[in-house]
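Start from the sequences and build out the full structure, keeping to the hints where you can.
Listed below are the residues making up each chain.
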Amino acid sequence: MKIGVVTFPGTLDDRDAQRAVRIAGATAVPLWHADANLHKVDAVVLPGGFSYGDYLRCGAIAAQAPVTEAIVKAANGGLPVLGICNGFQVLVESHLLPGGLIRNEAQHFICRDQKLRVENIDTPWTNQFELNQEITIPLKNGEGGYIATDETLKRLEGEGLVAFRYLDGNPNGSMNDIAGLRNERGNVVGLMPHPEHAVEPGFGPDTAVAMRSGIDGLKFFTSVINALVNA
Amino acid sequence: MALFKKKKTEFVPSGVDTTANAAITPEKDQPYALLGLKDDEYARIREILGRRPTSSELAMYSVMWSEHCSYKSSKIYLRQFGEKVTDEMKKHLMVGMGENAGVVDIGEGWAVTFKVESHNHPSYIEPFQGAATGVGGIVRDILTMGARPIAVMDQLRFGAPENPDTARVVHGVVDGISFYGNCLGLPNIGGETVFDKVYQGNPLVNALSVGALRHEDLKLAKASNPGDLVILFGARTGADGIGGVSVLASETFDSTGPSRRPAVQVGDPFAEKVLIECCLELYHAQVVAGIQDLGGAGISCATSELASNGGAGMRVQLQHVLKRDESLTPEEILMSESQERMMGIVPKKHLKAFEAIVNKWEVEYAVIGEVINEDRLYINWGEEEIVNVPPRTVAHDGPVYERPVAYPAYQDALNANNVHVAANGNGLHRHNDNGSELAAQFVQIISSPNQADKGWITDQYDRYVGGNTALAQPDDSGMVRVSEETGLGISIATDANGRYCQLDPYQGAKLALAEAYRNVAVGGAKPMAVTNCLNFGSPENPEVMWQFKQATAGLADGCLELGIPVTGGNVSFYNQTGDVAIHPTPVVGVLGVIDDVARRIPSGWQDEGHNIYLLGTTKDELDGSVWSEVVHGHLGGRPPVVDLSFEKQLAEAIAAASEQGLLASAHDLSEAGLAQAVAECSFRFNMGARIWLNEICERDGVDRTSALFSESTGRVLVSVGREDDVKFVGLCEARGIPVLRIGVTDNSGTLEIQDVAGWQLSDLRAAHKGTLAELFAN
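Chains A and B supply the protein sequences, listed in that same order.
Numbered as in the working numbering, the first sequence ends at 235 without a single skipped number.
Numbered as in the working numbering, the second sequence ends at 1489 without a single skipped number.
Derived from the structure by calculation, the hints contain no laboratory data.
Hints should not be assumed to be uniformly reliable.
Stated by the list, open to error - Here are the computed lysine-lysine pairs in the DSSO-like style, where the Cα-Cα straight-line distance is at most 30 Å:
hint: 1; chain 1: A; residue 1: K119; chain 2: B; residue 2: K802
hint: 2; chain 1: B; residue 1: K786; chain 2: B; residue 2: K802
hint: 3; chain 1: A; residue 1: K44; chain 2: A; residue 2: K6
hint: 4; chain 1: B; residue 1: K933; chain 2: B; residue 2: K1063
hint: 5; chain 1: B; residue 1: K1237; chain 2: B; residue 2: K1359
hint: 6; chain 1: A; residue 1: K44; chain 2: B; residue 2: K1071
hint: 7; chain 1: A; residue 1: K119; chain 2: B; residue 2: K1165
hint: 8; chain 1: A; residue 1: K6; chain 2: B; residue 2: K1071
hint: 9; chain 1: B; residue 1: K1480; chain 2: A; residue 2: K77
Said to hold, decoys possible - What the simulated footprint calls covered on chain B by chain A, stretch by stretch (three residues with Cβ under 8 Å from a Cβ of chain A suffice, anywhere in the stretch; the number is not a length):
hint: 10; stretch: 892-902
hint: 11; stretch: 980-986
hint: 12; stretch: 1174-1181
hint: 13; stretch: 1308-1315
Since we're looking at a predicted model, the values are computed, not measured.
Just so it is clear, CB atoms sit at the ideal spot from N, CA and C, and this is done for glycine as well.
Dropping the structure here:
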């Protein structure tokens, strides 16, 4: 099982995403921004960071990279793609997911452990969760406020495309408390919080049981392995 | 190489001040005083060169001989960090003081390098860029040792929170660190934030970075092999950070236009992130002999230091430098402090491989010179020679001063005015018999800006990136895993208490060391090495120089007593407005090592029904305390006594208890004493407790005010599961550590201090958490 992890110049959480893939039991394959070859990976993770410095608009330049063009094509053919934080921004800028992401309501970067509700489990990235399961994974972004037109929001809600919703406080002013989305087909999932930072006991969010023991993010990665095995 | 070939075209003099010109115009009037050089310093430069310096040489010497670069006022005191050491202390030191950063062997073939540096003055003028480039600079220092940077921390001092200018500085500095640090992908694992009116016009912005490397990857920034190429790569050179050197520019050229030379550098964290990955790949491919970062003094510093460190010389063609602005003069190019630049020393045979890697990262570069087998630094501007100096005289043989030292005139009166005699001889009032007053003081203190939760600041920093963070704020130390295979990790804590140092700089420095040492120990790590950032007023003030002398002696003596070496540091003088200096603020950072970060000790209570023990003895030590400041607005007397041999014993006891798995949590007692520790232990995981003070008062002979708020050193609060009680108490007693059960954790959602108060934890927490947001949000 090979899962590609993309590195753009300015990507920061690529090594973390690779580690998450390994812990889940798959092989992580580094994908370089300038290389349109996806090296026959079975799924792709677009990790967090500040691709190309996020100049212009978050994810806007990355959306034009050779590797992204290849990913968009493959995603339209059904390849499972997960965009985390900056990766979510890239998916939105590439029109694989609708809407946009703007500066946090508080006008500054926010890092905190964030509670979410998983509202859609019919995707290769969420099939190991229970429907409406509440999970906690780290959130860390400056531009995570989700926006969309009324029409788009109505469609997202009506078709059940909101995959994750913020609980216990909306950290960035996202419309409808939206933390993450799936596409119609379900293979493309994007969210602002970081599942790859909640995969290993000792380095995740605090839980009621023990300090930094939260590993709710691991199921994103075991989900995709499960989906690929049963495909 | 076509660096120095004569051009075919006819030679036209450019008008720059050449060495030839300098030789024939000895009488030329030079603006050395405007550049900060003293008469005798200028005379010495003329003596070294046997002629007057060219304007480029003058620019180089003036910056390299500045206080910031040459340490001319502090050098004679810094020497003791290298002298007051034993062989045992040097055992784990791979690189000591004097390099870009010290390197410590942490075992399993791993080493770490860490350093803290000041960016105080730029951060007052332009807080955002000042703080941002402070982070950028220290990270590049770490990189030059061949290490991958793995974490950052910052030590901040701001003016009074209610002063309107403080919000400007706080917002700028925090945004700057957040903007730059978060873009680098380095977790911010802790630091300090202190408010005090003494920092009003002189905020302190210190930035620390730590990096990890395999032993065999250690690099030293030096140019020693003749023929190797000198390559400048990274950002282009612009007109930022030039400051006083524009005097020369205007002297050389038409000076009628407006000044366009900003003195504060501007940072681009994206360029830095790319540079980090690019440098690590260059090291990994073994195509560079060394890399030096360009920070203060830019190309002047990098060329002279690389050559001087390597015992070689260098020939540089300055016109090959890639510029953002083609109108830059040679003097400005030499002095520019444009960020995100590196100078690599590359053997010719590796040039192709070097180019392939920098091209992959889309980093610009220019070959600007080569290393030569001669003790000389030659810099050409086209065909004209503008610098011809022995590199060591620029980089390392700067002036050294033994500045006058005077015991401060105010010192005796300050020390005499202790908490027992203040308030007209009555002593600061204590409400020992009034529980509700003590309770009010407790809340007042834990919600005061310095003791309040710093989440409003630290939640703007990424503490997760890298996936190796084991402890971070609000824990006592920051801890990161170094080896994913074994769990080997490091931790760092930094501390400084300016109020203690004002009362007694010798003790104050030792107190900072003791606290940082204890903070590392309570996380479960073994303290190994020390770095520092010494923030003081003007060295030209003999009373400030006395403070500096005392503080450095205190720190050096303290390190010797604890048996851990100083690996490097930084000095920042001139932190004063008019005649009023800041409190001496020697920030001390202690590095610890832990064999497996899974063994780290939480800093707060997690489980119900655990016993709470206070280790150490409480004395009536409230001079200089938070209680005296927050409740009474007082500063006087003498700071708490430090017993470093006891601190060592205490750290060893914590380590032993941790190895046997006896500790559920451990938290250091320092500012605001037991009160603060109890509050933080309960807030960390929202676990309440019942605490009683009477046994502390009885055993140690102190009143309830001291039991709650005294800042006696050598104390730690721990929680222990009932099944481990006997074993734990036995361990402490066998090691001569005073141990006293003072409470029990409970999950009732309340914190009760017997005969003082019982609070809803949520109320108390809201008071503690709300302060900074109320002051600075919006």
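Each hint, compared with the structure:
At most 30 Å may separate the alpha-carbon atoms for a hinted pair to count; K119(A) and K802(B) exceed this at roughly 47 Å. A distance of roughly 24 Å separates the Cα atoms of K786(B) and K802(B); the hinted pair therefore holds under the 30 Å criterion. Annotation: proposed proximity of K44(A) to K6(A) holds, straight-line Cα distance about 8 Å (limit 30 Å). With a C-alpha separation of about 21 Å, the suggested pair K933(B) and K1063(B) falls inside the 30 Å cut-off, and the hint holds.
A hinted pair counts as satisfied when its Cα atoms are at most 30 Å apart, and K1237(B) with K1359(B) qualifies at roughly 10 Å. Proposed proximity of K44(A) and K1071(B) is supported: the alpha carbons are some 23 Å apart, at most 30 Å. Proposed proximity of K119(A) and K1165(B) is supported: the alpha carbons are some 21 Å apart, at most 30 Å. Taking the CA atoms of K6(A) and K1071(B), the gap is near 25 Å; set against the 30 Å cutoff, the hint holds.
With a C-alpha separation of about 48 Å, the suggested pair K1480(B) and K77(A) falls outside the 30 Å cut-off, and the hint is violated. Here's how the stretch 892-902 of chain B fares: 4 of its residues keep a CB closer than 8 Å to some CB of chain A, so the rule of at least three is met and the hint holds. With a cut-off of 8 Å between beta carbons, the stretch 980-986 of chain B has 5 residues touching chain A; three or more are needed, and the interface restraint holds. Against chain A, the stretch 1174-1181 of chain B contributes 8 residues with a C-beta closer than 8 Å to a partner C-beta. That satisfies the three-residue criterion, and the hint holds.
Only when three residues or more bring their CB closer than 8 Å to a CB of chain A does the claim for the stretch 1308-1315 of chain B stand; here the count is 3, and the claim holds.
Taken one by one, the earlier hints fail for this structure at numbers 1, 9, listed in ascending order.
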